[in-house]
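What follows is each chain in one-letter form.
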Amino acid sequence: MKRSNQPFFWLLFGAGGMLSALIGAMLVFITGVAAPLGLGVHADLMSHANAIAFARGIPGKLFLLVVVSLFLWHAAHRIYHSLHDLGIPPGPLAQAACYGTALLGTVVATVALLAIGF
Amino acid sequence: MADTRKIVLEVLRYTPGQSTAPTLQQYPIEFTDDMSVLQGLQQVKDFVDGSLTFRWSCRMAICGSCGMMIDGAPKLACRAFLRDFLPGPLRVEPLEHFPIERDLVVDISDFVDKLGRITPWIEPREPRSLEQGEYLQTPAQLERFESFSHCINCMLCYAACPQYGLDSRFLGPAATALLHRYNSDSRDGAQAKRMELVNSEEGVWACTAVGYCSEVCPKAVDPANAVNQNKTASAVSWFARFLPGRG
Ligand code: SF4
Ligand code: FES
Chain A
-1 MKRSNQPFFW LLFGAGGMLS ALIGAMLVFI TGVAAPLGLG VHADLMSHAN AIAFARGIPG
59 KLFLLVVVSL FLWHAAHRIY HSLHDLGIPP GPLAQAACYG TALLGTVVAT VALLAIGF
Chain B
2 MADTRKIVLE VLRYTPGQST APTLQQYPIE FTDDMSVLQG LQQVKDFVDG SLTFRWSCRM
62 AICGSCGMMI DGAPKLACRA FLRDFLPGPL RVEPLEHFPI ERDLVVDISD FVDKLGRITP
122 WIEPREPRSL EQGEYLQTPA QLERFESFSH CINCMLCYAA CPQYGLDSRF LGPAATALLH
182 RYNSDSRDGA QAKRMELVNS EEGVWACTAV GYCSEVCPKA VDPANAVNQN KTASAVSWFA
242 RFLPGRG
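Those protein sequences? They're chains A and B, same order as listed. First residue of the first sequence? That's -1 in this note's numbering, and the numbers climb one at a time after it. First residue of the second sequence? That's 2 in this note's numbering, and the numbers climb one at a time after it.
Please note that a few of the clues may not be correct.
[Unchecked claim] Restraint-style ranges between C-beta atoms, simulated for each label pair:
#1 B:D34 to A:V31: 55 to 63 Å
#2 A:S80 to B:E147: 33 to 41 Å
#3 B:R242 to A:L91: 24 to 32 Å
#4 B:S20 to A:S80: 29 to 37 Å
#5 A:L91 to B:S20: 34 to 42 Å
[As the list claims (entries may be wrong)] From the derived model, a few chain A residues whose C-beta atoms are all more than 12 Å from chain B:
#6 P5
#7 L9
#8 L25
#9 P34
#10 D42
#11 A49
#12 I56
#13 L60
#14 V66
#15 Y97
Calculated from the structure, these hints are not laboratory results. Predicted, not measured: the structure shown is a model, and the values here were computed from it. We put the beta carbon where it would ideally sit given N, CA and C, even for glycine.
Given these sequences and hints, build the entire structure.
Printed below as a string of structure tokens:
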């Protein structure tokens, strides 16, 4: 019997799910609603200068990488299994498309965070 | 009959070799408050149409043979009461996700085959001779597997499982629950063999945690919980391979 490769992705899925449950809604609210409307946050919280400074610090880099990649891995795994419900059988192709997208996103985020400097 | 009410049973009929496709047949019946859906079907078979075919035996939710789709949900016909489906008509169909053999009888060979594959017996961890006496177990050790041993093989959970419906290679809820029953028995030593099945592509990983299996289970076996516990066990074993000294 062939061993399933799902435990690896399931772990990333679980970690991403946990993280998004803890901070996902809050992040959407702060960056998508509170900051643009100036609701209870400093006016230039999301200004370009602030964002760059955040992305250049080591804690900021780690935070961004973890949030972007784990959210992506969570979504990829969820979509992979939902495809089955829509009649698209799971298999190497669907795996490559879903997990490949998450991997690509992780690589792009890493490169971008490095390119932006320290 | 005292205090009877009327309901129409709308029963799926199919005879291999004769029908080209399943059809629905209506049977108006009179029933009393204490009558189960199974008793309704028996009334039809005894007095209206002897050709109607369905499985049953114990009439008391023990044997697991009367599972069918009742009003669209997998239920034991002997445990569902006609009074709960008024005004009707009440649709009665064979268990979903299994090939129909005839009328309400489905072909269960896939499930029987799965039961055979999980090593459904105890292989003693340490052999004992008769003189050494019985294998002792503490109440806490019993509790670890007891609820999973309550399964009556009614297959309602398979009719409830969308993943089994999509791909029947999936080991599925009840077989995993029974596998877990043996794997968590302190007397057993065949875990490694069963874990190969759990870890395989047909094992627990097809499950997407829908949970409907546990909802429909008439014996509170909670097969979803067994599948979940084995996902964790399987993930641990997946990563344990990379530890030094492990194969
Ligand atoms: S786990 Fe429950 S629903 Fe599934 S076969 Fe066993 S008793 Fe029936
Ligand atoms: S007849 Fe035995 S479970 Fe219903």
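Cross-check of the supplied hints:
A C-beta distance of roughly 56 Å is found between B:D34 and A:V31, which places it inside the suggested range of 55 to 63 Å. Between A:S80 and B:E147 the CB atoms are about 35 Å apart, so this pair conforms to the stated range of 33 to 41 Å. Under the hint 24 to 32 Å, the C-beta atoms of B:R242 and A:L91, about 26 Å apart, fit the expected range. The supplied range of 29 to 37 Å is met by B:S20 and A:S80, whose beta-carbon atoms lie about 36 Å from each other.
Range check, A:L91 to B:S20: Cβ separation about 38 Å, and the 34 to 42 Å hint holds. With 12 Å as the threshold on Cβ separation, the claim that A:P5 sits away from chain B is violated: the shortest Cβ distance comes to roughly 4 Å. For A:L9, the shortest C-beta to C-beta distance to chain B comes to about 6 Å, within the 12 Å cut-off, and the non-interface label is violated. For A:L25, the shortest C-beta to C-beta distance to chain B comes to about 25 Å, beyond the 12 Å cut-off, and the non-interface label holds.
Once the 12 Å rule is applied to beta carbons, A:P34 is consistent with being away from chain B; the minimum gap is 36 Å. At the 12 Å boundary, the C-beta of A:D42 stays outside the reach of chain B, the nearest C-beta of that chain being 43 Å off. Listed as outside the interface, A:A49 is consistent with that label: its C-beta sits roughly 36 Å from the nearest C-beta of chain B, beyond the 12 Å cut-off. Annotated as non-interface, A:I56 keeps its C-beta farther than 12 Å from every C-beta of chain B; the closest such distance is 28 Å.
No beta-carbon of chain B comes within 12 Å of the beta-carbon of A:L60; the shortest separation is about 23 Å. No beta-carbon of chain B is positioned within 12 Å of the beta-carbon of A:V66; the least distance is around 24 Å. Every CB of chain B lies more than 12 Å from the CB of A:Y97, the least distance being 14 Å, so the non-interface label holds.
Taken one by one, the earlier hints fail for this structure at numbers 6, 7, listed in ascending order.
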